[in-house]
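J.: One-letter residues, chain by chain:
There are 2 protein chains.
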Amino acid sequence: MVTTKKQPRRSLWMFGLESEEPTDEERRQHAQEVSQRLGVTIAPPPIPRAEDLHLRPPRIKPPDPIAEFCFSDNYERALHSHRDWEMAVRGQFPNPPDIVAHPRTEEELERVLEWCCKHGYAAIPYGGGSSGVGGFTPPKEGYDGVVTIDMDQFDRVLEIDRTSRAARIQAGVFGPALEDQLRPHGLTLRHFPQSFAGSTLGGWIATRSGGHYATKDTHIDDFVESVRMLTPVGWWETRRLPASGAGPSPDRLAIGSEGILGIITEAWMRIQVRPKYRATAGVTFPSWETGYEATRQIVQAKLWPANLRLLDPELARQAAGMDGTHALLIIGFESAELPQEWPIRQAVGIARGCGGHIDDSEIILSDTGGYTGHRGAIGAWRDVFIPRGGGLATGLGLVTGTVETCITWERWPDFDVQVREALKKALQEVCGGGTLNCRFTHVYTDGPAPYYSFAGLNPGLGREHWNAVKRAASDAILKAGGTITHHHAVGRMHRPWYDRERPEPFAQALRAAKRALDPKWVLNPGVLIDP
Amino acid sequence: MVTTKKQPRRSLWMFGLESEEPTDEERRQHAQEVSQRLGVTIAPPPIPRAEDLHLRPPRIKPPDPIAEFCFSDNYERALHSHRDWEMAVRGQFPNPPDIVAHPRTEEELERVLEWCCKHGYAAIPYGGGSSGVGGFTPPKEGYDGVVTIDMDQFDRVLEIDRTSRAARIQAGVFGPALEDQLRPHGLTLRHFPQSFAGSTLGGWIATRSGGHYATKDTHIDDFVESVRMLTPVGWWETRRLPASGAGPSPDRLAIGSEGILGIITEAWMRIQVRPKYRATAGVTFPSWETGYEATRQIVQAKLWPANLRLLDPELARQAAGMDGTHALLIIGFESAELPQEWPIRQAVGIARGCGGHIDDSEIILSDTGGYTGHRGAIGAWRDVFIPRGGGLATGLGLVTGTVETCITWERWPDFDVQVREALKKALQEVCGGGTLNCRFTHVYTDGPAPYYSFAGLNPGLGREHWNAVKRAASDAILKAGGTITHHHAVGRMHRPWYDRERPEPFAQALRAAKRALDPKWVLNPGVLIDP
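Same order as they appear, the protein sequences are chains A and B. Position 14 of the first sequence, counting from 1, maps to 14 under the numbering used here, and the rest follow consecutively. Position 354 of the second sequence, counting from 1, maps to 354 under the numbering used here, and the rest follow consecutively.
Honestly, I wouldn't trust all of these hints.
Said to hold, decoys possible - Partial selection, computed: residues in chain B whose CB lies under 10 Å from chain A:
hint: 1; residue: 246
hint: 2; residue: 261
hint: 3; residue: 274
hint: 4; residue: 338
hint: 5; residue: 392
What the hints assert, rightly or not - Distance condition first, Cα-Cα at most 20 Å in a straight line; then the derived EDC-like pairs of lysine to aspartate or glutamate:
hint: 6; chain 1: B; residue 1: 479; chain 2: B; residue 2: 499
hint: 7; chain 1: B; residue 1: 302; chain 2: A; residue 2: 144
hint: 8; chain 1: B; residue 1: 5; chain 2: B; residue 2: 155
hint: 9; chain 1: B; residue 1: 479; chain 2: A; residue 2: 367
hint: 10; chain 1: A; residue 1: 302; chain 2: B; residue 2: 341
hint: 11; chain 1: B; residue 1: 5; chain 2: B; residue 2: 141
hint: 12; chain 1: A; residue 1: 302; chain 2: B; residue 2: 73
hint: 13; chain 1: A; residue 1: 520; chain 2: A; residue 2: 141
hint: 14; chain 1: B; residue 1: 302; chain 2: A; residue 2: 161
hint: 15; chain 1: B; residue 1: 276; chain 2: B; residue 2: 141
hint: 16; chain 1: B; residue 1: 302; chain 2: A; residue 2: 222
hint: 17; chain 1: B; residue 1: 520; chain 2: A; residue 2: 504
hint: 18; chain 1: B; residue 1: 302; chain 2: B; residue 2: 314
hint: 19; chain 1: A; residue 1: 302; chain 2: B; residue 2: 337
hint: 20; chain 1: A; residue 1: 302; chain 2: B; residue 2: 222
hint: 21; chain 1: A; residue 1: 302; chain 2: B; residue 2: 367
hint: 22; chain 1: B; residue 1: 118; chain 2: B; residue 2: 108
hint: 23; chain 1: B; residue 1: 302; chain 2: A; residue 2: 367
hint: 24; chain 1: A; residue 1: 5; chain 2: A; residue 2: 73
hint: 25; chain 1: B; residue 1: 6; chain 2: B; residue 2: 68
hint: 26; chain 1: B; residue 1: 470; chain 2: B; residue 2: 416
hint: 27; chain 1: B; residue 1: 302; chain 2: A; residue 2: 237
hint: 28; chain 1: A; residue 1: 479; chain 2: B; residue 2: 237
hint: 29; chain 1: B; residue 1: 425; chain 2: B; residue 2: 360
hint: 30; chain 1: B; residue 1: 118; chain 2: B; residue 2: 155
hint: 31; chain 1: A; residue 1: 520; chain 2: B; residue 2: 416
As the list claims (entries may be wrong) - Facing chain B, from chain A, some residues (calculated, C-beta under 7 Å):
hint: 32; residue: 301
hint: 33; residue: 321
hint: 34; residue: 503
hint: 35; residue: 508
hint: 36; residue: 517
hint: 37; residue: 519
Hints listed in this document are in silico derivations from the structure and should not be mistaken for laboratory results. Even for Gly, the Cβ is constructed at its ideal location relative to N, Cα and C.
Given these sequences and hints, build the entire structure.
T.: See below:
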């Protein structure tokens with residue numbers, strides 16, 4: 001008999017688990033600190049309890065054969081509504097799914113998808129719910145019912161092929177649970193997106209997540225050996241192959257499909273032996289420009305560091321305690337097989353040739369698998385990168401956000417100027433001022449993936465202000481030749497810019513492909529493409 | 001005014017140019033040698049002149065606006081008929097295209113494609129004509145006319161972005177002409193498939209060609225930054241982006257589409273600075289098994305050698321003069337920036353740990369850009385790999401061919417046994433015996449891409465014997481879990497196995513995508529998918 005596994009309850013109003021939510025006292029204290037800093041008085045709103053929410057009643061009822069794993073309580077429906085913390089903290093869930101299904105087997109998944117297809121209910125595949133772009137929000141109209149299909153019961157590593165360094169893994173497993181199952185074998189997927197703790201393998205594949213590696217193998221794409229995906233017309237399963245040249249890659253059409261073509265249930269993934277050798281260096285540069293020139297030269301020398309992350313002077317000041325005029329480049333190599341002293345010395349040599357500074361004694365080597373970047377500026381930066389204390393600012397009416405993209409090196413300096421100008425102008429006009437910084441999250445031989453973080457300086461702002469800043473930045477990115485997303489996906493939020501970015505014939509091809517697989521257009525409608 | 005550039009005439013009956021064809025005397029001499037070796041008497045057939053061929057008259061006539069760049073003489077129509085040398089040398093061209101167009105501009109390309117769409121004529125994109133799988137042979141029925149669109153007038157490097165290491169290159173340029181245009185800038189695409197001299201950039205992209213790099217960046221796929229492709233519903237052009245996570249990659253759907261979705265006119269390609277530092281080592285192994293274990297360990301250590309090619313004992317004997325019991329692993333590193341002594345010593349260290357043998361003095365290093373592999377066993381192997389003396393065996397009725405695939409490491413040893421058994425059995429039954437060898441052309445962390453070469457021992461054999469051997473090998477490959485092609489494409493020849501390999505829903509998606517872009521199904525019909 002299949003049973004529904006109890007997973008830890010996730011917070012309705014912050015990234016993380018309910019058990020990680022701050023107390024009211026901690027929230028009040030944080031609000032006070034912010035009030036003092038900004039010279040205003042703001043207080044955190046009270047947080048509604050799930051049982052007190054007034055949600056629109058479910059419009060549909062699951063039939064017996066699937067009712068056992070379908071839920072329609074307030075918590076389930078609110079959790080699967082959206083990821084807008086400002087709305088959530090105010091108890092606003094105006095358009096929840098009617099039913100949240102937690103199928104436990106592929107047969108149950110087939111049954112619930114068949115039910116949706118039969119009645120034309122929207123079927124929304126759901127991984128960790130960490131989408132920042134409206135990847136799982138129900139459509140507002142056009143459907144008599146909305147069924148969110150939460151894959152959290154598909155949480156196991158099913159098979160390990162150590163010789164080929166690959167593993168068959170279920171799609172609904174969260175990052176930490178996945179690594180917990182590989183660790184005893186001395187193995188790791190080593191895919192650590194920022195959302196790692198709250199996102200799943202299936203979500204990473206469906207959204208082309210960007211992971212740990214800063215160069216070469218950046219996206220989850222490169223780790224996918226084969227995919228198994230349920231479509232309304234049947235199972236889409238590719239062979240396990242290291243590579244193939246047989247027509248356009250089926251995997252590459254599934255990867256990034258954001259749930260509109262099918263529901264991924266498992267994948268064979270390329271895995272790694274856990275690193276034994278590590279080498280880390282934090283190189284400071286007299287300017288942003290010298291920093292990015294060094295980054296370009298290192299990646300073009302094809303040393304392929306696992307880490308190659310450049311922080312602009314503002315971010316280096318905030319996150320690593322530097323002086324606000326110097327940029328910081330964090331270089332990291334790792335290997336299960338070979339000491340990494342040679343590669344890191346080459347990279348540092350190139351960095352120095354571009355004006356970078358680091359003492360030899362600051363190059364940290366380890367041959368015991370220990371982390372080498374916990375000290376000094378790099379350690380400070382790690383603490384900022386890995387999200388902690390989530391939820392403290394929720395409901396304070398602050399505008400904070402990020403935009404990320406990718407651009408070729410030749411256009412990058414102008415691009416950076418244009419995007420910064422647009423963001424600063426919008427922050428000034430919309431928020432009365434704000435802060436802005438940039439880092440490279442990933443780097444390619446032909447260009448960087450810059451990541452801008454912004455914050456408005458005044459409280460009392462809401463979603464519409466955030467939208468205005470985001471819109472200005474997105475317009476600037478598209479105009480200057482970038483992509484609307486390097487690794488945050490398209491969802492519903494990025495649609496207007498995505499529609500301008502992709503070739504029109506590709507949209508026609510994708511639309512037709514979806515129509516062939518999903519004739520009733522039930523799968524995640526509104527994402528990527530319209531009928 | 002646009003003029004049609006005269007390109008060197010290609011041979012009708014061998015891989016290469018007319019100017020490279022052997023003389024009748026050379027062919028007679030070669031036939032004598034073969035006769036003596038096999039103990040029979042065979043003579044090369046006379047070669048018909050293009051002007052003496054009796055081809056089916058063209059069924060259609062191009063209208064004035066396009067007639068200027070359309071041709072229907074015997075040479076043009078025969079050349080674009082097929083690449084079956086045994087038929088060609090006998091003057092057999094039963095199903096030639098009616099018209100061969102050589103558009104000189106995108107406007108001319110639009111006009112000829114419009115003409116085909118208007119009348120429902122098959123439109124076959126043509127690069128170098130090196131397809132070994134029937135990638136450009138006209139359909140036998142279903143079309144009132146067949147127009148082959150030869151892209152040879154699109155032969156220029158249009159733009160170079162040195163900073164990003166990328167270049168905008170027209171699709172019809174042949175390998176050598178492409179490199180000739182990059183060389184003065186100290187740059188190279190470094191994509192050298194075996195067909196390099198007789199294939200084009202557009203063909204490489206359309207067929208997912210496998211190139212120079214033996215690890216990591218094996219297929220042309222990884223070098224494509226953006227693609228411009230004419231479809232019947234308009235231009236498909238992607239942005240120049242180092243990477244993106246915006247939906248399924250449009251480039252990855254164009255790459256490998258084998259001309260069924262559109263005609264590629266140009267692409268931004270990632271290019272390289274020409275290597276200055278090289279390191280090469282030829283390591284011998286006491287067995288095939290120890291050789292492939294070493295290969296696996298080297299690629300899994302992520303050293304990413306440019307060259308990592310393993311020859312089985314039989315091939316090492318034939319091609320490198322070895323004793324027939326030892327395998328040979330050729331390891332090569334190259335870099336424009338960094339001396340490659342450290343990486344090659346690591347790779348050699350791993351190889352020795354697996355039982356490989358090489359003296360330190362045989363590790364060849366260069367820091368002047370010179371090739372390091374022209375001597376000894378490796379030099380001998382190079383000479384065999386780079387095709388020379390084409391055409392000598394044409395018409396002698398010998399069965400020679402190759403099959404190539406890809407498989408995970410864990411399954412590889414059994415896979416190798418099964419494929420060899422099937423090939424040997426077929427050679428015995430069909431040809432009364434034969435020879436067989438294997439090498440790895442490309443290697444991945446999760447498995448090798450093996451390449452089997454076979455030859456029948458008896459003359460007097462024809463296409464049907466060749467087909468029987470190929471069929472037996474293909475069946476064995478599919479059954480044992482491999483792909484029908486790692487880098488030779490699908491075309492028409494691999495269709496039966498491709499149809500078994502790809503997921504059925506993917507076929508439905510691809511069919512629908514094609515129908516959306518090419519409603520009259522004119523583009524390269526019969527390849528990859530049927531209506």
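J.: Provide an ascending list of the numbers of those earlier hints which the structure does not satisfy.
T.: Violated: hints 3, 5, 7, 9, 11, 12, 15, 18, 27, 29, 30, 31, 33, 37.
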